[in-house]
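Chains as they are written, first to last, in my numbering: chain W, 1 to 197; chain V, 1 to 197.
Just so you know, these hints were derived from the structure itself, not from any lab.
Among these hints, one or two may not hold up.
Output of the computed footprint for chain W on chain V, the stretches with three or more beta carbons under 8 Å from beta carbons of chain W [what the hints assert, rightly or not]:
(1) 42-49
(2) 66-72
(3) 79-89
(4) 116-123
(5) 140-149
(6) 170-181
Even glycine gets a Cβ: it sits at the ideal position worked out from N, Cα and C.
Number of protein chains: 2
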Amino acid sequence: MNYPQGTRGIRQQNKTRRNNRASYSNRGMTLEEDINVTNLYYLEKAKANIHKKPTPIQIVNVRYPRRSAAVITEAYFQAKATTDYNGIYRGKYIDFEAKETNNTTSFPFSNVQVHQIEHMRSVQNLGGISFLIVRFTSLNETFYYPIENLLTHWDKMHKGGRKSLPYKQIKEEGYKIPFTYHARVDYLPIIDQLYFS
Amino acid sequence: MNYPQGTRGIRQQNKTRRNNRASYSNRGMTLEEDINVTNLYYLEKAKANIHKKPTPIQIVNVRYPRRSAAVITEAYFQAKATTDYNGIYRGKYIDFEAKETNNTTSFPFSNVQVHQIEHMRSVQNLGGISFLIVRFTSLNETFYYPIENLLTHWDKMHKGGRKSLPYKQIKEEGYKIPFTYHARVDYLPIIDQLYFS
Chain W
1 MNYPQGTRGI RQQNKTRRNN RASYSNRGMT LEEDINVTNL YYLEKAKANI HKKPTPIQIV
61 NVRYPRRSAA VITEAYFQAK ATTDYNGIYR GKYIDFEAKE TNNTTSFPFS NVQVHQIEHM
121 RSVQNLGGIS FLIVRFTSLN ETFYYPIENL LTHWDKMHKG GRKSLPYKQI KEEGYKIPFT
181 YHARVDYLPI IDQLYFS
Chain V
1 MNYPQGTRGI RQQNKTRRNN RASYSNRGMT LEEDINVTNL YYLEKAKANI HKKPTPIQIV
61 NVRYPRRSAA VITEAYFQAK ATTDYNGIYR GKYIDFEAKE TNNTTSFPFS NVQVHQIEHM
121 RSVQNLGGIS FLIVRFTSLN ETFYYPIENL LTHWDKMHKG GRKSLPYKQI KEEGYKIPFT
181 YHARVDYLPI IDQLYFS
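Bound conformation, chain W alone (with noise of 0.2 Å):
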């Protein structure tokens, strides 16, 4: 097969990548690594343009010292107030949070903030498209957890229902993303066939 110069580059940047880790991981990159290269791909191919918001942080102190840049000397990590990615795909408003586990048997809700809930909440509410994507580290399985069940489930845990999402629930509700090699997480099949079909 011919590849772009581009994509072999990549393309053996990665196998390098797997060859180093091979020894102690199975794993491969980490889920936003992959959600990352996955949105990087959608972009490139005009599908969709996704992107991970950069982190808040509070700056205190900057210098500039003379002939180089600014340098940032004092600063702090804020709260997110909302989720980490979000971006269009067919006109349409995509926002979504992206959470590995360890975990084997089921998804603590401890691991999702109040307030990236009730931004998602919101979202939906105004028409746009958001869900939870949620790795089983352990298990090398990556879901689209649609958003309904996720606000249902929430909800009863705050009057008194369980803390965790079971992995079963999960595999239940969600649907399973397929990993390909250009897409790793390759999620907009699911959101064609949950919105567009």
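We have chain W already, so just place chain V on it with the hints.
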């Protein structure tokens, strides 16, 4: 009139702020502050969910003092890959850049970066709603400038055309954004008019 406590508080703060500033400037808040207040108002009214993206920062060193929050001790500003604001309105993806200029006769294209324009072009191609908000600070006028016109004149510039957008042209092709008390840059009604009527 009766306002809820929260609103009265903000009202009072703004009043104080305006009075404090009155001695050296009548301009009030910056465009960014005005847009943030407007977006907060839209969010509270459940009309739209639109946020300023955090500034991307490359973190080089972090210290973890005992019993206190992590301190970033070396970091650098990174170039923005996209625009300043994005979010959702009426199910649609919204993405825009906002710029102020002290210039009274034109808006220089040098205020906008090539990757910001290309990002907006991509959003437009994917069916989203993208535009430029320009404030002529000295004239105290703020305009919604449509993406179609922006791309046309940008592309002309790269074929040897003007390196700026004349104020007169922005006034003709754009839409003056009204200033209202709660929505200081009330741009949603213009989107209604252009995309939903």
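Tested hints:
1. 42-49: holds (count 4)
2. 66-72: As far as the stretch 66-72 of chain V goes, the hint holds, because 4 residues have Cβ atoms under 8 Å from chain W.
3. 79-89: holds (count 6)
4. 116-123: holds (count 3)
5. 140-149: violated (count 0)
6. 170-181: violated (count 0)
Of the numbered hints stated above, those contradicted by the structure are hints 5, 6, listed in ascending order.
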